[in-house]
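For what it's worth, the working numbering labels the leading residue of the sequence shown as 1274, then goes sequentially.
Simulated from the structure, these hints should not be mistaken for laboratory data. Treat the hints loosely; a few may be bogus.
Stated by the list, open to error - Below, computed lysine-lysine pairings styled on BS3-like, alpha-carbon distance capped at 27 Å: (1) K1357 with K1381; (2) K1357 with K1284; (3) K1314 with K1381; (4) K1306 with K1331; (5) K1357 with K1385; (6) K1381 with K1306; (7) K1284 with K1331.
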Amino acid sequence: MPLYELFCMAKPALARTQASQLLRSAASAVLSKGGVLTDIKSYGERELAYEIRRPGMKLNEAFMWQLDFAAAPPVLRELEHLLKVDDRVVRYVILRRSAFKPLPNTYKVANKAKRTLQRTSS
């Protein structure tokens, strides 16, 4: 399953329960189709770099959150539909992430450092 990152901006005047409900609905859309959540981050209300205009409103702030997950590509269609029809969502983007690089084995790193030190001291 590919790794994805969803970044979402919602209306700033949301009650805490509405914001958590929005995040929960996106997460459950991923989980219901066999996806796996890897990280959830809430950035709270933040000031925007520029004003976003929507019919009947001008936004200078937004409630921002990020959801990292692994899922099959068909899950994206359902997630995008969910975010498009929800009037609380101002903007969103879903990015495909590259797989994580494995961390180096500490034993190998230590041996490499030891050999380097032995060469420089000889």
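Subject >> Structure versus earlier hints - violations, ascending order >> reply: 1, 3, 4, 5, 6
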